[in-house]
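First to last, the protein sequences are chains A and B.
Going by full-length UniProt numbering, the first sequence opens with residue 1, and the numbers climb by one from there.
Going by full-length UniProt numbering, the second sequence opens with residue 1, and the numbers climb by one from there.
Calculated directly from the structure, the hints in this document are not laboratory data.
There may be inaccurate statements among the hints.
As the list claims (entries may be wrong) - Mimicking DSS-like on lysine-lysine, the simulated pairs with C-alpha atoms at most 25 Å apart in a straight line are:
id, chain 1, residue 1, chain 2, residue 2
1, A, K128, B, K171
2, B, K221, A, K123
3, B, K221, A, K130
4, A, K112, B, K221
Unchecked claim - Label-pair ranges, simulated between beta-carbon atoms:
id, chain 1, residue 1, chain 2, residue 2, range
5, B, Y4, A, D278, 31 to 39 Å
6, B, F98, A, K138, 51 to 59 Å
7, A, H154, B, I10, 40 to 48 Å
8, B, P256, A, K87, 54 to 62 Å
9, B, R225, A, K138, 23 to 31 Å
10, A, P305, B, R225, 49 to 57 Å
11, A, F17, B, P256, 53 to 61 Å
12, B, Y129, A, L280, 24 to 32 Å
13, A, Q122, B, Y129, 40 to 48 Å
14, B, F133, A, L280, 29 to 37 Å
The C-beta atom is built at its ideal place from N, Cα and C for all residues, glycine as well.
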Amino acid sequence: MEKILQVKDLELSFHTFAGEVKAIRGVSFDLKKGETLAIVGESGSGKSVTTKSIMRLLPESSSEFKNGQILFDNKDLTKLPERDMQKIRGKEISMIFQDPMTSLNPTMPIGKQVMEPILKHQKVSKAKAKEVTIELLKMVGIPNAEVRYKMYPHQFSGGQRQRIVIAIALACNPKVLIADEPTTALDVTIQAQILELMKDIQKKVDTSIIFITHDLGVVANVADRVAVMYGGRIVEVGTVDEIFYNPQHPYTWGLLSSMPSLDLEEERLYAIPGTPPDLLNPPVGDAFALRSEYALKIDLEQAPPMFQVSDTHYAATWLLHPNAPKVEPPASIIERMKTFPGSRYYETKGGNV
Amino acid sequence: MVKYVGKRLIYMFLTMFLIATATFFLMQTLPGSPIASYNKLNESQRAIVEKKYGIDKPKPVQYAIYMKNLAQGDLGTSFVFKGKSVNDLLASRFKPSFILGAQAMVFGTIIGILLGIIAALRQNTFWDYGSTFFAILGISIPSFVFASLLQYWVASEWHLLPVGLWNDGWKSSILPSIALAMGPLALSARFIRTEMIEVLSSDYITLAKAKGANGFEIAFKHALRNALIPLVTVLGPVAAGLVTGSLVVEQIFAIPGIGEQFVSSIMSNDHATIMGTTLFFSAFLIVVIFIVDILYGIIDPRIRLSGGKN
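One chain only, chain B, in its complex shape (with noise of 0.2 Å):
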């Protein structure tokens, strides 16, 4: 386990420092640059400020400082943001981020698999159908409609919760959670009712039943785990979409979170916190990709990890 631990670490590392280059040189070739927004500068005021930020050497050069400041922790300070650290910027975006990332999470995939569960010990009746076609809505209704809807009916119309922003607590965080949780929620929906029905037909769930199991013992203490192995599977690139998500649901909701400050970054060709916020999106699927894996052997006794052979 530790050397498996071991060796997966050196490969995210790896991945890391892939990503960290792909995107800067990517980012040179965007056009515009970082100060072209600072319009009333003269030529010599530009110089000074393209100096000051070093964006006046090689790109080469640029590269090599950016990737040793990088290895230090430092993330380069933001175009911007005047006078920011990229690293104090998302600290400070970080917390909405990912209280509305784990509650999605949670939600969607709980209900999802409820859901899912439902479905398939009630497979081809009114439940089941009601749950497809719930499913299918969460899978095919992009989250900005979705997003957008909620806050049209359940802020606008019937003032329950805040239409955006992040100052009213706990309550500013459901909507946008319930938004972002759909996709989760649909897509744990559709493969748990596969795997369950896939798996209620097994020769183990027989035996289940003829020890005299009742229906609850079986879809939760034989059923479920094993159903639940290929949805494990799913949720690196399940964590994905919710990163992704959040970048337009942020926005909507008007949220001060690491995708709506992507997005502005982007559209001021801010490269520090693009970079910056690439490479934590990036730290954040890769480590929920490592940790999936970790869960996978944890749910399933026949792929404990190890390092190889001993």
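Just chain A, with the same shape it has in the complex (with noise of 0.2 Å):
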């Protein structure tokens, strides 16, 4: 399929008062065109800061790309101009923002913030630009969208505001949707319905879309693929299947174990044991293998590379290096792993139990 967007080595720092903080460090991917790429990871990994950098959102002052390249559309948006970024910003490449309480206008009637992108990047009169907010308002949802076109955002409820987010996002039909944590400020019935509605969009628009969470229920839900990062880097990226079935990386392990399950009879939800790294002062090797009972001593010593498992599925880690030791992935890992054709776990169905 055809690459819409190609992430290669970038490295991005933060110049801050105690020093330069390495945010990313050599995230490396691609995304397809229509397809969702969600990207999930703790808080503070480089999920946002990854995103944020795509579409140049970061302080000028503070941020510096290291190393690397953002490829889209021919044209690398690391060196890019501010002058052109802004005519892909809202146009080509959107996002939604994470909090839709905060993320809007509050003195400024939501209609006027809908069409603002419309006004901005094509060419038409005032009236159709009305005429395109109105039917974009009510694709996303929001009824009698005439006459609430003229309302300002604190008549609306946190829902009905992130609707108003998501047609903001596609005012312009962009090729690439960044959604930023969009269900996580979202109690559960409104989280539902509002990924109901970004999975509906993506079949009308056929967009590509990268979905930043923490909530692998949601990436369950809505991804084809999986990017999986920590400390600053992509540590295992593979199809929804391959990393909810057929995970590697130690990491995933415990971001798996710790999601709550209904069939498994555990007392205690599982938490990954430690804190994020400093990203201050980068650990030399494998950043989670302070925290990881399965380090190796060379996690220590030597970033692992990314070790190919199949023609999707990649994950940074020692142990798929020929000469690692084997070791057995946590319990409820292995069941998952039972599940899936081509794991050395994998039981044929009615098979030899």
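Assemble the dimeric complex from its two separately framed chains, guided by the hints.
Structure, rendered in structure tokens:
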């Protein structure tokens, strides 16, 4: 499939009073046309920074691209002048933010906010833009859009505001839609509605979505492929099935084990021990080694490269090296792997039990 | 909205009543009397004058008479400007004061807001420090010092504008307006800078940027209106500052405005004029604060006014 966006060896640092924080330390991934790529990871893993850097929304004064490329439409976004970047933002690539309560301008009617990118990027009359705006509001499920068009954000509920934010993002039919934890600030029933809406819209407008979340339940629901981020790097990437049923990286094991499940009869929910690495002084080898019970000696000395598991599945862990000792993943992970054809624990149904 | 305005009007009248009462009795405690300067009068002549102005009656009766006249819009007769009613005096002196105040307010807030925006957009650069320095100067230098400096350099040394008086049309109003504007200018610059920095870091500004808006659109279409909200709140006190500032500045530039008259009426114990001017200033302030409250609702749709529960 056609690659619409390619991120290659991206490195980005923030300059702070304490020193240089290496927030992204060599991230590479592709986004294909029409697919949904989920980026998961805990707070501080660099998932939001990665996507904000694609749109160049990070403060120019304190952030700096150290290395790498972001290729979109034959252009390297890391080197594009701000003026050209403005033509891409909102038109080719747009973004949905985490907190709908704060992401709309409180002193501007919502219709005007939805209309803004249309008027900015497309040569249309005001009347036409208004028409498109009302259509968009209807599409995202705002009832009575002709009247509510003139209302202000505080006159809408959180879920409705997120629908409006989605309408803004879709205003110019972007090629890439970045959703930065779009459901995190919403309650569970509204979450489900917003996810349904996003799936519907993707079918209608055929856009590629980068979906950032720390909620694996959401990932299973929306994503085609998943990239797991840790400590400013992607540690494992694969299709949803590969990540959920044949995970290779100990961090992915930890993430999956800490997901509440109705099937397993465990008393306590698993939590990954320790805290995320300090990216002011990033660890030398595998950033997860200090929190991992599967860490090898080499993990502390040298960062692992990406090992290929299948055509679509890669993981950065020394455990995949031919010389590495064979380790047993946690029991719950083995349970998962048993259902995945191609994993070493795969059991055919009704087979040799 | 109508209910709200009605309620506010009642409170405004109540406030005016309290101010009138307090000023009236406070003034009675001032040493001296309005006719103390009529020193060529003998006892019986003095008694005739006192009777004429009604200050021979007991204080409560004087108060009742004054309030009755006030209710009819009559501010009494001046003791010093013989035969002139205070209403006429204020009317003839209102224009210069109003022009100065309005020019200072408009000039001060607009320049202040622009300086504040520049400072916020170019945070921690030469522009920011420059405008901060300017604002601190404006806050810390009293208007009379600034007025004298302007008179010395612009008028006396460079001969660009008149030193004082109100006889050269608009030109006469420029220097006093600038002197008066320094306060509101400095205040709005500081306020807008702080607010803009706060607003510019909010999520909806990032969203505006994500829509492809450029720096100008972000600052003026999205950020400014939100940053204005707190400034509008302090504009009432700023107007108050202009009123008190004008007392001094009008005196320095020898402008026949209300402030200048207020000062001279206090000097000469002209009770009726003091009362009249105080009430006029108070009414002005109360109306400004009322307008500010209405403006507040216009700028921020979240606080559109209503008269409570319907």
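query: Taking 25 Å as the top limit, are the C-alpha atoms of K112 (chain A) and K221 (chain B) close enough?
result: holds (11 Å)
Exercise for the section: With respect to the beta-carbon atoms only, verify the hint that Q122 (chain A) and Y129 (chain B) lie 40 to 48 Å apart. Expected result: holds (41 Å)
- Message: Please check whether P305 (chain A) and R225 (chain B) have a Cβ separation lying inside 49 to 57 Å.
- Response: With a Cβ separation near 52 Å, P305 (chain A) and R225 (chain B) satisfy 49 to 57 Å, so the hint holds.
Q) So the hint says 53 to 61 Å: do the beta-carbon atoms of F17 (chain A) and P256 (chain B) match that? A) holds (58 Å)
| said: Between the beta carbons of Y129 (chain B) and L280 (chain A), is the distance compatible with 24 to 32 Å? | reply: Given a distance of about 29 Å, which is inside 24 to 32 Å, the answer is holds.
> Cβ-Cβ distance between F98 (chain B) and K138 (chain A): within 51 to 59 Å?
Replying inline: Holds: the Cβ-Cβ distance is about 52 Å, inside 51 to 59 Å.
* Asked: Is the Cα-Cα distance between K221 (chain B) and K123 (chain A) 25 Å or less?
  -> Holds, because 20 Å separates the two Cα atoms, which is no more than 25 Å.
- Take a look at whether the Cβ-Cβ distance between H154 (chain A) and I10 (chain B) falls inside 40 to 48 Å. violated (29 Å)
| Taken at face value, is the distance from the CA of K130 (chain A) to the CA of K221 (chain B) at most 25 Å? | holds (18 Å)
Self-check item: Holds or violated: K128 (chain A) to K171 (chain B), with C-alpha atoms at most 25 Å apart
Solution: violated (50 Å)
Checklist entry - That 29 to 37 Å hint for F133 (chain B) and L280 (chain A) (C-beta), does it hold up? => result About 35 Å separates the Cβ atoms of F133 (chain B) and L280 (chain A), which means 29 to 37 Å holds.
Quiz item: Taking the beta carbons of Y4 (chain B) and D278 (chain A), is their distance inside 31 to 39 Å?
Solution: 55 Å Cβ-Cβ, so the 31 to 39 Å window is violated.
Checked against the numbered hints above, the structure violates hints 1, 5 and 7; every other hint is satisfied.
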